[in-house]
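Trainee: Each chain, written out:
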Amino acid sequence: MADIIYFDNSATTGIYPEVLHGMNDVYSSLYGNPSSLHKIGSDAEKVLHNAREIIAKTLGAEEDEIYFTSGGTESNNWAIKGTSRANRKRGSHIITSAIEHPSVLESFSHLETEGFSSEILEVGADGLLDPKRIGSKVNDETILASFILVNNETGAIQKADELIHAIRYRNPKTIIHVDAVQAYGKIPVNLSRLDVDLLSISAHKIHGPKGCGALYIRKNTRIHPIIHGGGQERRFRSGTENVPGIYGFALAAEIIHQHMEQNRKNAGKLRSIIIQGLSDIFSQCQYSINSPEDGYEGILNISFPRVKAQVLMHHLEAENIIVSVGSACSSRKNAYSHVLKAMKLPKENIEGAIRLSFSGTNTQEEAIRFLEAIRKIVPAIRY
Amino acid sequence: MDKGIIYLDHAATTYVKPEVFEAMKPWFTEYYGNPSAIYSLGRQSKKAIEEARAQIAYCLGAHPTEIFFTGSGTEADNWAIKGTALANQKKGKHVITTVIEHHAVLEAFDFLRKEEGFEVTYLPVNENGLVNPEDLKKAIRPDTTLVSIMYANNEIGTIQPIHELASIAREKGVVFHTDSVQAIGNIAVNVKELDVDLLSLSAHKFYGPKGVGALYVRKGIKMESFIHGGAQERKRRAGTENVPGVIGMAAALKLAYDNLEDYNNHLGKLSSRFIEKVLERIPYVHLNGDREQRLPGNVNFSFRFVEGESLLLMLDMKGIQASSGSACTSGSLDPSHVLLAIGLSHEIAHGSLRITFGEKNTEEEVDYLVDTLEEIVEKLRKMSPLYEEFVKNH
Numbered sequence: 000m001a002d003i004i005y006f007d008n009s010a011t012t013g014i015y016p017e018v019l020h021g022m023n024d025v026y027s028s029l030y031g032n033p034s035s036l037h038k039i040g041s042d043a044e045k046v047l048h049n050a051r052e053i054i055a056k057t058l059g060a061e062e063d064e065i066y067f068t069s070g071g072t073e074s075n076n077w078a079i080k081g082t083s084r085a086n087r088k089r090g091s092h093i094i095t096s097a098i099e100h101p102s103v104l105e106s107f108s109h110l111e112t113e114g115f116s117s118e119i120l121e122v123g124a125d126g127l128l129d130p131k132r133i134g135s136k137v138n139d140e141t142i143l144a145s146f147i148l149v150n151n152e153t154g155a156i157q158k159a160d161e162l163i164h165a166i167r168y169r170n171p172k173t174i175i176h177v178d179a180v181q182a183y184g185k186i187p188v189n190l191s192r193l194d195v196d197l198l199s200i201s202a203h204k205i206h207g208p209k210g211c212g213a214l215y216i217r218k219n220t221r222i223h224p225i226i227h228g229g230g231q232e233r234r235f236r237s238g239t240e241n242v243p244g245i246y247g248f249a250l251a252a253e254i255i256h257q258h259m260e261q262n263r264k265n266a267g268k269l270r271s272i273i274i275q276g277l278s279d280i281f282s283q284c285q286y287s288i289n290s291p292e293d294g295y296e297g298i299l300n301i302s303f304p305r306v307k308a309q310v311l312m313h314h315l316e317a318e319n320i321i322v323s324v325g326s327a328c329s330s331r332k333n334a335y336s337h338v339l340k341a342m343k344l345p346k347e348n349i350e351g352a353i354r355l356s357f358s359g360t361n362t363q364e365e366a367i368r369f370l371e372a373i374r375k376i377v378p379a380i381r382y
Numbered sequence: 000m001d002k003g004i005i006y007l008d009h010a011a012t013t014y015v016k017p018e019v020f021e022a023m024k025p026w027f028t029e030y031y032g033n034p035s036a037i038y039s040l041g042r043q044s045k046k047a048i049e050e051a052r053a054q055i056a057y058c059l060g061a062h063p064t065e066i067f068f069t070g071s072g073t074e075a076d077n078w079a080i081k082g083t084a085l086a087n088q089k090k091g092k093h094v095i096t097t098v099i100e101h102h103a104v105l106e107a108f109d110f111l112r113k114e115e116g117f118e119v120t121y122l123p124v125n126e127n128g129l130v131n132p133e134d135l136k137k138a139i140r141p142d143t144t145l146v147s148i149m150y151a152n153n154e155i156g157t158i159q160p161i162h163e164l165a166s167i168a169r170e171k172g173v174v175f176h177t178d179s180v181q182a183i184g185n186i187a188v189n190v191k192e193l194d195v196d197l198l199s200l201s202a203h204k205f206y207g208p209k210g211v212g213a214l215y216v217r218k219g220i221k222m223e224s225f226i227h228g229g230a231q232e233r234k235r236r237a238g239t240e241n242v243p244g245v246i247g248m249a250a251a252l253k254l255a256y257d258n259l260e261d262y263n264n265h266l267g268k269l270s271s272r273f274i275e276k277v278l279e280r281i282p283y284v285h286l287n288g289d290r291e292q293r294l295p296g297n298v299n300f301s302f303r304f305v306e307g308e309s310l311l312l313m314l315d316m317k318g319i320q321a322s323s324g325s326a327c328t329s330g331s332l333d334p335s336h337v338l339l340a341i342g343l344s345h346e347i348a349h350g351s352l353r354i355t356f357g358e359k360n361t362e363e364e365v366d367y368l369v370d371t372l373e374e375i376v377e378k379l380r381k382m383s384p385l386y387e388e389f390v391k392n393h
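Protein sequences, first through last, are from chains A and B.
Under numbering that gives the first Met the number 0, the first residue of the first sequence carries the number 0, and numbering increases by one thereafter.
Under numbering that gives the first Met the number 0, the first residue of the second sequence carries the number 0, and numbering increases by one thereafter.
None of these hints come from the bench; they were simulated from the model.
All values derive from a computational prediction rather than experimental measurement.
Don't take every hint at face value.
[Stated by the list, open to error] Distance windows between CB atoms, simulated: (1) B:Lys46 with A:Pro16: 23 to 29 Å; (2) A:Gln257 with B:Thr28: 18 to 24 Å; (3) A:Asn138 with B:Thr28: 48 to 54 Å; (4) B:Lys268 with A:Thr112: 51 to 57 Å; (5) A:Asn138 with B:Lys89: 28 to 34 Å.
[Said to hold, decoys possible] Derived DSS-like pairs: lysine-lysine, alpha-carbon spacing no greater than 27 Å straight-line: (6) B:Lys359 with A:Lys45; (7) B:Lys234 with A:Lys307; (8) A:Lys264 with A:Lys307; (9) B:Lys191 with B:Lys218.
Note that CB positions come from ideal geometry on N, CA and C, so glycine has one too.
Bound conformation, chain B alone (with noise of 0.2 Å):
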């Protein structure tokens, strides 16, 4: 890592633990088979990808025949979301997700209604960025044949009660789809207790590497595959596997759920620390998202009179590393969707700052960051001429 340099962007993606990427190497290097080469080099590399896949499977609750591997959780999204309403459209033509989704699951909604005439219905949030449970029932039809509702939020952290939704969907009887790239690493994701049927994850998000994802899709649910070819992943996936990238995200998954608790307590100390500081010495602040229900290193705060860009360009400058909402989005001038959704104002949204902690991330580091912002946020309110005239009348 670059000296002096302070990542505090873990939701947009992580480093590659240095045991994770010992874990790949030896199936770049000496065993790289094709695994559906049926000599023995060929063969082991099949078996490192099943146990792998029971790995994960055994820290989701899964079975290792539910779970599918993808080349990022774009793709598991988009597979989800369109092979199951594709798969089902017969018994209808409706489905339902929430306003405040990544655009992995947006736009993949967006194409159902564009493309192939669906329904879709955005479920609204409250000011906190949770979806109500009646606002579900409410919603559902005779037609609809899916929901999709994130986990975890990427932007504000708000963390949804996603085993009461998915029991709404489950008694009406329609699939439901949870996106938990933001969630798993971050907190004890079980897909049955959960009871969900569908649920995505993407290995860059905790500490594993680019280019990987998986869905876990419950036994017997009816869905189209997504990418056609060789007969890999059961049929359902072509494409020769990434194994190196499977492995390491079977290990990076394993890591995660061993030091889960730890990983949270530290995460939450820093957090707190960083919301109780800034509270206290910046004004006119605001924290976004549920103060309880929120994924534990995230911290999302609107400083009014301040513009999103600069204070992050000045951060940057300070060798600070973060950001203004999720990763997709930053190089676009629109605000927030999802701060837009828990009803900011253009102006405040624009004001944001997104702070994920990280397992390598200080105290002190919380510390010089409060320092620095607070110097940074009087500096650009001092060349707000908003500031200077609500100052005047204030």
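So that you can see chain A by itself, here it is in the shape it has in the complex (with noise of 0.2 Å):
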């Protein structure tokens, strides 16, 4: 394994080893039910306690605005089920964007099923949501909106606050929705600035756990829950918490959000040593890059036409280079990109689209390996 590239940092992380080292002790010491009142139990609340400490402080958010949950996916199910439900009396009109994450997507697809009426924002040619074309579309019926802040296939980063303020101004009782499980750990997501509602993130993409979440849910947000039992999480989210798992989450996010700054810088180095070295490689038809300039510099998304994006990720494999087609959701649905179709992309830059996501790790000799590789494989490949 030491000497593969792994350029998929966006799909899922290796964790962090004083991640893991920390929940070893977790599994073996501090095993009780936090909702249990014995000291082994208070003992694992404290854990508990702690752990939702640090995420809040890394979001700058309250304590007690975070509620864990099994995944990323949970969280995006949980606020926009959650608040659709819950806030139904006031309007059934809830919007999104064409670019969002299936657990998004489905969620409002979902909802459709329940009588809710749900639309889908288109985007422009760099992926971006545009501020008045949603003002236009919020009503008064509005009563969520959901967006995500850094995609997973491009690195897109919207303008939220011009969003946020395009919807607040039309109707400030909508809800705002915020997917962060892309940008969460990997640029700045302050909630003490950011004006939103919800926010979802995740454990796994930044070298935590799998299987652990979290949402935040702004006071006096109204939202049901959609996990019903034993109350955990302050009544909204029932099942025994994931006290490893969360755990985990914790010190990955401590640990992320020290090295921020130079994981981007890292990041940046990488790109722009594969943006130029395509250039010199290639003339200017024989690939193109669909991720925006000014996005986040871990994701890049390359489209190389009249060749296959699999044939390549499985030609750049062989070279123990790991890059994806897509997102990983949707890679094993064989359908194309529904983020570049979004975007307007051509048919051949669909499909010749593999996406590179980079951790603090990668190295700069890696992205040269990348290059290397690609040199020799495209030309070959190409029909």
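Work from the hints to combine the two standalone chains into their complex.
Mentor: Now the structure itself:
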């Protein structure tokens, strides 16, 4: 494994060794059920409390606004279904964008079956939502607007403040949810400035464990639970808390936030090496960069027209370089990226698109090895 | 584990066995790929999940395609109940459960009742906590679509005649779900022998990790998805799979099934020793639940003239980690709904203690527990005016 170049950190990340080490201790000695009153239980409750504090701090939120879930998908499902159902009396109009993660889009289409009317907004060629457009779509009946902060396929960062302003200007009561699964730990997300009501995050995208996520719910936001039962998470999300997972999540959050600047610089460097390298190797019509220049540095989406992305991916894999075709969640569906489609890219470019996503440990040497492999493979498989 | 701490709350949660954690470890560090990714690092994860699924299926007597992973037992219960009730609501909006279910089940039914307009029948239990199959027969109506009855109770350990109950539902064509979160790992649960349609389990109750559960869904059962998104779990439960968690659950379940007999004997011995000594040495005590049809490691006593919370606190100071009922409700001051359902008065229900033994507990610990308990109960009773009056009049 040592020799593998892993450029798919948006799909999932390797766990930080110190995170696993910390979780190990929790598994073996802090195994209590946080709801139990005895010492073993209250020790576990303390771990939970501490973790919640850490996550809240990284977000600039209050501790009692953080609710742990089983992952980003559950957070998105809960945010969208939970607020829509709770605010049904005020209206049934909900809006989102065409470039959302499937967990958002599928939650919206499920709500259609419950009688809500959902509106999926188009994006520009840059993958960005237009604040004016979103403002014009919000009406008195709009109870929820949900958008992704950093797109998982292109790294495009939405102009969150402008979008929020446009929504609130038109209808201050509209609840705003942000899917920050790809943004959290990668770019600053500060809820004391970002005026949203709900925000989803996930542990395994930041070198934490799989099976753990959180939803930020601003105080006084009307939301129903979707998982009912024992009343954990201040009665809003039932089920025995995944204490080791949550602890690991908090540790990872702490570490990645300490390294954010450094990681971004590193990713930016890799990105420019690759972009520069591609322009040295290929003529302008032989490739295109689908990620906006001012997007998140860690995600780079590249198209090679007249190349089958899957074939390219497998050839790269044979060279021990791991990249992805679209997002992991949709790569098995064998369908073309709905995100690139929404950006109205030519079919050729959609079919030939691969995504690179970097972590703090990727090196410039790896970027150069990637370029060498690309130089060899692409001309050979172009049809 | 802390020195001097005796953990007697295995129904609340268990620690992860070292060999289970060892099985999980490489899936954190080396093989961390997203199972949906099509390169080999992803395919390895996918393959491991499928192997874990098959392992769990074989333990339970199911087909691998009938096992779906969830984030917890609570989620499995929620999905089973809401998913089938909502998917079959054109057939009818009447559903049946019992008064002694776990909150994950009761609250899911509450949701159906309050938010979706369903009618819920709650079956009673007898003084030992058993459901009468005749009651179920009578409760099923033409518009009944779902019956949910727990396999083993989390507070008093009573084991229901699930096969008999499921057969009644089957005859009438009604979907049958059982919450077997407490039973799995303690008894040899087999979905084919039980003839149930849906069955929930949770890893952290049988020495597996927290944050992972599963739902058995018999082939052909119509149900809605609960968590929407990516195409994981054959499009029925979205979300990146908790690969290490799922592998830990399979490893823990295999270990449990391999050692079921020894484990049961061990727990049975401890429970019997504990029950006998308490009944012999402490007066005015009532054993809750069924003497025969109960989980081998569960003992639930009510001590008259004793306040349960004080009892727990004093036990805790002596290093004994026990519970008054279920962990989920232990923060609440209301007496257990289960103990009230088996006919205990508020006052007696308040004085109850649940001990659930596990693999590392010893006979010496039982003896220490009995000694400590005798001492504390006596002390607490001496402080009770009710007890003083009672003794005067007898």
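Trainee: Below or equal to 27 Å on CA atoms is what counts here, so check Lys191 (chain B) against Lys218 (chain B).
Mentor: Roughly 12 Å separates the two Cα atoms, so the pair holds.
Trainee: Given the hint of 18 to 24 Å, check if Gln257 (chain A) and Thr28 (chain B) actually sit that far apart at their C-beta atoms.
Mentor: holds, 21 Å
Trainee: Would you say the C-beta atoms of Asn138 (chain A) and Lys89 (chain B) sit inside 28 to 34 Å of each other?
Mentor: Holds: the Cβ-Cβ distance is about 33 Å, inside 28 to 34 Å.
Trainee: Using the C-beta atoms of Asn138 (chain A) and Thr28 (chain B), is the stated range 48 to 54 Å upheld?
Mentor: For Thr28 (chain B) against Asn138 (chain A), whose Cβ atoms are near 51 Å apart, the range 48 to 54 Å holds.
Trainee: Between Lys359 (chain B) and Lys45 (chain A), does the CA-CA distance stay at or below 27 Å?
Mentor: Holds. Lys359 (chain B) to Lys45 (chain A) sits at ~25 Å (cutoff 27 Å).
Trainee: Can you confirm whether the C-alpha distance between Lys234 (chain B) and Lys307 (chain A) stays at or below 27 Å?
Mentor: Since the Cα atoms of Lys234 (chain B) and Lys307 (chain A) sit roughly 26 Å apart, the hinted pair holds (cutoff 27 Å).
Trainee: Hint says 51 to 57 Å; check whether the CB-CB distance for Lys268 (chain B) and Thr112 (chain A) agrees.
Mentor: holds, 54 Å
Trainee: Sort out whether Lys307 (chain A) lies within 27 Å of Lys264 (chain A), counting only the CA atoms.
Mentor: violated, 31 Å
Trainee: Range hint 23 to 29 Å: satisfied by the CB atoms of Lys46 (chain B) and Pro16 (chain A)?
Mentor: Holds, at about 25 Å.
The structure is inconsistent with hint 8 alone, although it conforms to all the rest.
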